[in-house]
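Asks: Given chain A's structure and the hints, the job is docking chain B with the ligands onto it.
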Amino acid sequence: MNKADFLLAGVGGQGVLTASDIVAEVGIALGLDAKKSEVHGFSQRGGVVESHVRWGERVGAPLGEKGRIDYLLAFELMESARWIEMLKPGGVVIVNRQRILPMSATVGDAVYPTDEFIDQALRSVTDRVIYVEGLETAQALGNKNLANTVLLGALARAMDVDPELWLDVIVKRVPSKYIELNKQAFWKGLGK
Amino acid sequence: MKKLLSGNEAIALGAYLAGVKYASAYPGTPSTEILENLAKYDGVRSEWAPNEKVALDAAAGACYGGARALASMKHVGLNVASESLFYLAYTGVNGGLVIISADDPGAWSSQNEQDNRNYARFAKVPCIEPADSQESVDFLSTAFDLSEQFDTPVIFRTTTRISHSKSVVNVNGDQRVEHPGKKFSPDPSKYAMIPANARRRHPWVEDRLKRLGEWSSASAINRIEWGSKKIGVITSSVAYQYTREIFSEYSILKLGMSWPLPEKLIRDFASQVEKLVIVEELDPVYETEIRALGIPCVGKEFFPITNEFSLAVVRDGARKLGVATLEPVTTTSFATQVPTRPPGLCPGCPHRSTFYSLRKLKVRVAGDIGCYSIGVLPPFNAMDTIGCMGASIGIAQGMDAIGANSDKEPWVAVIGDSTFLHAGMPALANIVYNRGASTVLILDNDITAMTGQQENPGTGVTLSGTQGKKIDIEAVVRGMGVEDVFVVDAFDEPEVEKTIKQAIAIKDRPSVVIARGPCVFLPDYPAKFIDEVDDVKCNGCSLCFRVGCPAIFKGELDASTNKPKALIDPLLCVGCDVCLQVCPRDAIFRANN
Ligand SMILES: Cc1ncc(C[n+]2csc(CCOP(=O)(O)OP(=O)(O)O)c2C)c(N)n1
Ligand code: SF4
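Protein chains in written order, with numbering that gives the first Met the number 0: chain A, 0 to 191; chain B, 0 to 592.
So here's chain A without its partners, still in its complex pose (with noise of 0.2 Å):
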């Protein structure tokens, strides 16, 4: 592995970029070059957040390119169709299950899409299709916050990398009290 591209998306306070800092953490650790771009400019919660970590022997661009994204990880379920258009042909798409309902379908008419249309909308650009239980087994773990150390156990098993130097990018990432914790969302995650 020499070179990938990844997306990951979600909704505002789902820990997004704090994952995108952890993959782009684990090029460098492989001995790449990586580069990590988000876009950040509310705080408030519920928008949007879309952020993209390159590796490569030299990378230029900060952000990747539609239909050349290796590595689509969906924090949520719909955003999931919403990026699918950046995944190459082929490409691996993780998807967390949990839905967060968006403000449109409250104050206005939107519906929430049904899993069959996310399936479809997802398997039109790729069969390599991962669903992931990343509240449900966080909130097992009793910590919601958990969820995103979980897909990344679901990428690192995706990919062809070493667990163990995604343990130890993650471990230096959070505070002491989690440590433990984390370990087995990933492990959940890489499903052993």
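Honestly, I wouldn't trust all of these hints.
[To be verified] Computed list of chain A residues with no C-beta within reach of chain B, every gap over 12 Å:
(1) I129
(2) Y130
(3) D161
(4) P162
(5) K176
(6) Y177
(7) E179
[What the hints assert, rightly or not] Estimated spans, in silico, between C-beta atoms of each pair:
(8) A:D167 <-> B:Q174: 48 to 54 Å
(9) A:K176 <-> B:G64: 45 to 51 Å
(10) B:L570 <-> A:E163: 31 to 37 Å
(11) B:Q174 <-> A:S175: 43 to 49 Å
(12) B:I470 <-> A:G30: 48 to 54 Å
(13) B:K181 <-> A:K176: 48 to 54 Å
(14) B:S227 <-> A:K143: 19 to 25 Å
(15) B:P569 <-> A:D114: 22 to 28 Å
(16) A:K143 <-> B:G397: 47 to 53 Å
(17) A:G30 <-> B:F85: 48 to 54 Å
(18) A:D114 <-> B:D557: 22 to 28 Å
(19) B:D267 <-> A:D159: 43 to 49 Å
The set of hints was computed from the structure by calculation and includes no laboratory data.
Glycine included, each C-beta is placed from N, C-alpha and C at the ideal position.
Replies: Chain B with the ligands in isolation, oriented as in the chain A frame:
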């Protein structure tokens, strides 16, 4: 050691290493984290100023006094500080002075896409632009050296993509360079710009610009990466990163100094390539100037003037130029078939009651900039104008002055605490002085929230976390001569509504309503309960949907009304009780008292 740093973290590091002693800023995306990071270093006094002009004047004072100083702001902040930029261009500096301008191509979090390289040209001062985090560190020391060498303020321009992207920086235990500082030696011909001095100073400014251009031609801050000479590209900032990937075979002149242009270097480069292409984000600053030098080039006909660049945008232009590059991938888009996620006021936001009331009272609203700008969106639709910081109060006065602030359609101004202290105070003075009769609502959430909860003079805590002196907004308003000042608890919706009504009924003199309640992100946020809906009492009347809370959503249909009942997400609710107050059937209650 390799470290991943954001552009803003890198700028802070670069400023620290360059020996900055004083830094002042007003927050603004994408610049905010620069001062937040700089404040962590010892030996630098870092302050939040009430606005950008004040920040720049303070930095000017520090540099006149001999210290290396920095002022940081978002692009529109430089509009506010521009008056000071222009005198500084004439007076020059003593210690080095760098002005960080964080531009926002794409207007991700701004009211426009202005290109502040134009300010460098306008004010006749140099502009330096990094293309990644490493350059952000390195170029800052160059900027300070340049400032002192040429006796000029230097604009250091980043963009959202530079400031908010992380890339690798080699941190090799670099040491901060301490600058002893040159004492201020009184010299009115330099520091006091009366007309006679200004006239004498202007030719010197022109000459300085010429010398800066010569310096730039010889400096390593600009560099040529030779490739095929069939095409030569001139570019800078993040546009260089896209160019590097897409024009990888060709020759690239990467500018680190974007103003004044290195004429000699550009002529040399242009003379060696068959076709000269300019790839610059936003305005055709280089293109216009290079054309004016009589050098043929192409640019904006291939690379758009609007919106942020991306690989796709630059690739598209390159393809049209005949450069062999990847074809676009056509995957079906589902983005338009998925509901949008408009940003909303957070659950528990103290601004909610005000906008619920304003919508109900059907008043016209001159709005301002802050989290409360969300009031323009559904379900509130309670904001008619949003211009720049502080504009609300002036707009209200103008409406009032021409008689548009009528009983039938009253106008109010809505402004946040930080924005009031930034640019609202002179506007309120204007109303009082001219005997206007507007109502001004000051939404005091005790923080500068929109940019990520920064302290301000109204909170009384400084950037370094020490206790400053708290400016009492109510006392300020009274001190300005407003007699009718109402202070109301922002979490008490009926009271907020009643008070606004009372204030707008006053038609012969100004009135101010201060709605006080902390932002949910503050440690002293009061609510601790979770609200819940009694689905027997709820009949789907939908009134609570109008408080625009992300924690309330539509549940199952009510059997009698056939409308969706409300549901409250316990993971999101913080128990501010605003929905509870507006529910006419007492169907919402506190679940865990
Ligand atoms: C000249 C200028 N400087 C900075 C900004 C960035 N900015 C937008 S709103 C805002 C402050 C908002 O604070 P406040 O008025 O207290 O409202 P709140 O977000 O807390 O509701 C800032 C700093 C800007 N838009 N324009
Ligand atoms: S950040 Fe604070 S002020 Fe802004 S919307 Fe959220 S609660 Fe309201």
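Asks: Now, for every hint given, state plainly whether the structure supports it.
Replies: Hint check results:
no.: 1; hint: I129; result: 18 Å, holds
no.: 2; hint: Y130; result: 17 Å, holds
no.: 3; hint: D161; result: 19 Å, holds
no.: 4; hint: P162; result: 21 Å, holds
no.: 5; hint: K176; result: 20 Å, holds
no.: 6; hint: Y177; result: 19 Å, holds
no.: 7; hint: E179; result: 23 Å, holds
no.: 8; hint: A:D167 <-> B:Q174: 48 to 54 Å; result: 29 Å, violated
no.: 9; hint: A:K176 <-> B:G64: 45 to 51 Å; result: 47 Å, holds
no.: 10; hint: B:L570 <-> A:E163: 31 to 37 Å; result: 33 Å, holds
no.: 11; hint: B:Q174 <-> A:S175: 43 to 49 Å; result: 31 Å, violated
no.: 12; hint: B:I470 <-> A:G30: 48 to 54 Å; result: 52 Å, holds
no.: 13; hint: B:K181 <-> A:K176: 48 to 54 Å; result: 50 Å, holds
no.: 14; hint: B:S227 <-> A:K143: 19 to 25 Å; result: 54 Å, violated
no.: 15; hint: B:P569 <-> A:D114: 22 to 28 Å; result: 23 Å, holds
no.: 16; hint: A:K143 <-> B:G397: 47 to 53 Å; result: 49 Å, holds
no.: 17; hint: A:G30 <-> B:F85: 48 to 54 Å; result: 49 Å, holds
no.: 18; hint: A:D114 <-> B:D557: 22 to 28 Å; result: 26 Å, holds
no.: 19; hint: B:D267 <-> A:D159: 43 to 49 Å; result: 47 Å, holds
When the structure is compared with the earlier hints, violations turn up for hints 8, 11 and 14 and for no others.
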